[in-house]
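Model the full assembly from the supplied sequences, consistent with the hints where possible.
There are 2 protein chains.
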Amino acid sequence: MKKIINDPNQVVQDMIKGLVAAYPNSVKQLQGTTVIARKDAPVANKVGLVSGGGSGHEPAHAGFVGKGLLDAAVAGEVFTSPTPDQVFEAIKAVDSGSGVFLIIKNYTGDVLNFEMAAELAEAEGIKVEKVVVNDDVAVEDSSFTTGRRGIAGTIFVHKIAGAMAEKGGSLDEVKVIAEKVVANVRSMGMAISPCTVPAAGKPSFELAADEMEVGMGIHGEPGIERTKIASADEIAVELTGKVLEDLELKRNDEIAVMVNGLGSTPEMELFILNGKVHDILAEKGINVYKTFVGEYMTSLEMAGCSVTLLKLDDELKELLDAEALGSAFHS
Amino acid sequence: MKKIINDPNQVVQDMIKGLVAAYPNSVKQLQGTTVIARKDAPVANKVGLVSGGGSGHEPAHAGFVGKGLLDAAVAGEVFTSPTPDQVFEAIKAVDSGSGVFLIIKNYTGDVLNFEMAAELAEAEGIKVEKVVVNDDVAVEDSSFTTGRRGIAGTIFVHKIAGAMAEKGGSLDEVKVIAEKVVANVRSMGMAISPCTVPAAGKPSFELAADEMEVGMGIHGEPGIERTKIASADEIAVELTGKVLEDLELKRNDEIAVMVNGLGSTPEMELFILNGKVHDILAEKGINVYKTFVGEYMTSLEMAGCSVTLLKLDDELKELLDAEALGSAFHS
Chain A
8 MKKIINDPNQ VVQDMIKGLV AAYPNSVKQL QGTTVIARKD APVANKVGLV SGGGSGHEPA
68 HAGFVGKGLL DAAVAGEVFT SPTPDQVFEA IKAVDSGSGV FLIIKNYTGD VLNFEMAAEL
128 AEAEGIKVEK VVVNDDVAVE DSSFTTGRRG IAGTIFVHKI AGAMAEKGGS LDEVKVIAEK
188 VVANVRSMGM AISPCTVPAA GKPSFELAAD EMEVGMGIHG EPGIERTKIA SADEIAVELT
248 GKVLEDLELK RNDEIAVMVN GLGSTPEMEL FILNGKVHDI LAEKGINVYK TFVGEYMTSL
308 EMAGCSVTLL KLDDELKELL DAEALGSAFH S
Chain B
8 MKKIINDPNQ VVQDMIKGLV AAYPNSVKQL QGTTVIARKD APVANKVGLV SGGGSGHEPA
68 HAGFVGKGLL DAAVAGEVFT SPTPDQVFEA IKAVDSGSGV FLIIKNYTGD VLNFEMAAEL
128 AEAEGIKVEK VVVNDDVAVE DSSFTTGRRG IAGTIFVHKI AGAMAEKGGS LDEVKVIAEK
188 VVANVRSMGM AISPCTVPAA GKPSFELAAD EMEVGMGIHG EPGIERTKIA SADEIAVELT
248 GKVLEDLELK RNDEIAVMVN GLGSTPEMEL FILNGKVHDI LAEKGINVYK TFVGEYMTSL
308 EMAGCSVTLL KLDDELKELL DAEALGSAFH S
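Chains as they are written, first to last, in our numbering: chain A, 8 to 338; chain B, 8 to 338.
The hints are simulated quantities; they were obtained by calculation from the structure and are not laboratory data. Just to be clear, a hint being listed does not mean it is correct.
What the hints assert, rightly or not - Below are the DSSO-like pairs computed for lysine-lysine, each with C-alpha atoms no more than 27 angstroms apart in a straight line:
| hint | chain 1 | residue 1 | chain 2 | residue 2 |
| --- | --- | --- | --- | --- |
| 1 | A | K235 | B | K24 |
| 2 | A | K35 | A | K99 |
| 3 | A | K209 | B | K9 |
Unchecked claim - Per label pair, the in silico range of CB-to-CB distance:
| hint | chain 1 | residue 1 | chain 2 | residue 2 | range |
| --- | --- | --- | --- | --- | --- |
| 4 | A | M8 | B | L119 | 39 to 47 angstroms |
| 5 | A | V183 | B | S150 | 56 to 64 angstroms |
| 6 | B | A190 | A | V244 | 46 to 54 angstroms |
| 7 | A | N52 | B | N259 | 37 to 45 angstroms |
| 8 | A | M8 | B | L332 | 34 to 42 angstroms |
| 9 | A | M8 | B | S177 | 49 to 57 angstroms |
| 10 | A | H337 | B | D320 | 23 to 31 angstroms |
| 11 | A | H337 | B | P31 | 13 to 21 angstroms |
| 12 | A | M8 | B | A190 | 36 to 44 angstroms |
| 13 | B | E290 | A | Q17 | 18 to 26 angstroms |
Glycine included, each C-beta is placed from N, C-alpha and C at the ideal position.
Here you go:
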């Protein structure tokens, strides 16, 4: 295992220290926790937004803490759900009395632990609502999931629910818009090389020198099929095709596109893929309103990518364009 | 070679197509060239800024084209200088009559070709000035360089010279501020794994499973030494120490810090490194004004990082903070 780390069992604490050192004017660590919150949390009269999950998906989720985005992100151990008490600390820290909204990626551990935290908070009189993101169309049920997995589409939930909360939306309004994003966002990914969890010390799976896995999850969960590596164009056709099939888009629909790198895929390759994704959409008469290319939801140093499409309407467009000031999302 | 590409000999054209497809409202490709320019270029009464170099360093340089940054970026083949005629096209496209300023990383081919382009432009009556960036303190002279190499510190030149041009600075004023950045910025990098140029098909060098190379260049040029891989803290001490030694900072000096990933180093590791860099600076009483952690100047999928320090004064701080709207730099 070759990594730029100190103690493999301290990577999350060390990372959080370095993150707060980088952005001391915009974020803070809640003392004694692995929670990163907005420096000004709780924000008066605003619904607080909390997300998080296992570490190793950076910039998710701490990179999306900021004005117009999340109020706090809870970091678990690498690829491991944060515990209920950590999520509870986040909820308490961001509640201004307007309630707290949880954005949970659909993994069994995350759902369970965030729900337990919600119960703890409700017992203290904090109003809590949640959404579970399940944008990955690759497979129903998986290693750590019942139903579909939550992957890069989660970032659009952060952005749009964050904008609704920032403009003063109530807890119910935030929930309604978050559910609208979840209903309209789909993703699919693929990988060409694995990653190594620091504390494990060796890759969690192997792919032969000429293989790729289509539909692989962001923790290396099995996908749909292993095949010889295809061209960027063929990969774009397969990923975009599966997403389009599920999303049932029509000619003249407007969408946002995210081409997300899993960690070690050069930006050059993401742009090459994006070119073909746009060709496919243009052929179908689907209009791209906005495109995001980069690393939003990674898997440590895994090589691969995902394609996310979000169907838009005027309300979603306005919220997508609203000001956002996270270290990994600035608009 | 495992890459998400189509034809290895078409990666630059395919990348540019995907880049323009992603950001059609802010950038344009100059037809028949590998130049990416601001959509609104030439901007009236503004000095035009042009940079570029071999591809494979994305987001450098096209990600830094935009308001308050570059007016155009010229993309050469992977790790290969763009030709003079391509640079000449960029110069013509961004000249509004106020002159054009070239930001060149110090590699022999880049310097030669940008200078030839400047001569072609001057022959057509366009005023051209330039700066050569040589921030890498690792080695004097290298595979492709006489003197020190230009690496991630170049991004600070884009940002600050870009801000000066945007606020109406003359060609001379842009040159003076760019030279001031070059005089005050130093970097050093290291690598733990190589990268593969698509058209070559195999890695340009090899490192053993437990080795790192300190001072390695962004094209895999030799550094200072190969050793057993060290901890993040030790790497931070070595890189920051060398940069500090060269920059001769004093207690209470103010600086900007950039911890840059070379391509496949997870953001988690960059933040771990950043934590120690900040500790080292705090011990010396050096004040960090702003920190940048992420991928700014990469080497395809090379694993490794660089540390850049920029000594600031009030003028540089104001220009560093000014509005910038590039796809890879937003402030």
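Each hint, compared with the structure:
| no. | hint | verdict |
| --- | --- | --- |
| 1 | A:K235 <-> B:K24 | holds (26 angstroms) |
| 2 | A:K35 <-> A:K99 | holds (15 angstroms) |
| 3 | A:K209 <-> B:K9 | holds (20 angstroms) |
| 4 | A:M8 <-> B:L119: 39 to 47 angstroms | holds (42 angstroms) |
| 5 | A:V183 <-> B:S150: 56 to 64 angstroms | holds (59 angstroms) |
| 6 | B:A190 <-> A:V244: 46 to 54 angstroms | holds (51 angstroms) |
| 7 | A:N52 <-> B:N259: 37 to 45 angstroms | holds (40 angstroms) |
| 8 | A:M8 <-> B:L332: 34 to 42 angstroms | holds (39 angstroms) |
| 9 | A:M8 <-> B:S177: 49 to 57 angstroms | holds (53 angstroms) |
| 10 | A:H337 <-> B:D320: 23 to 31 angstroms | holds (26 angstroms) |
| 11 | A:H337 <-> B:P31: 13 to 21 angstroms | holds (19 angstroms) |
| 12 | A:M8 <-> B:A190: 36 to 44 angstroms | holds (40 angstroms) |
| 13 | B:E290 <-> A:Q17: 18 to 26 angstroms | holds (20 angstroms) |
In this structure, every one of the numbered hints holds.
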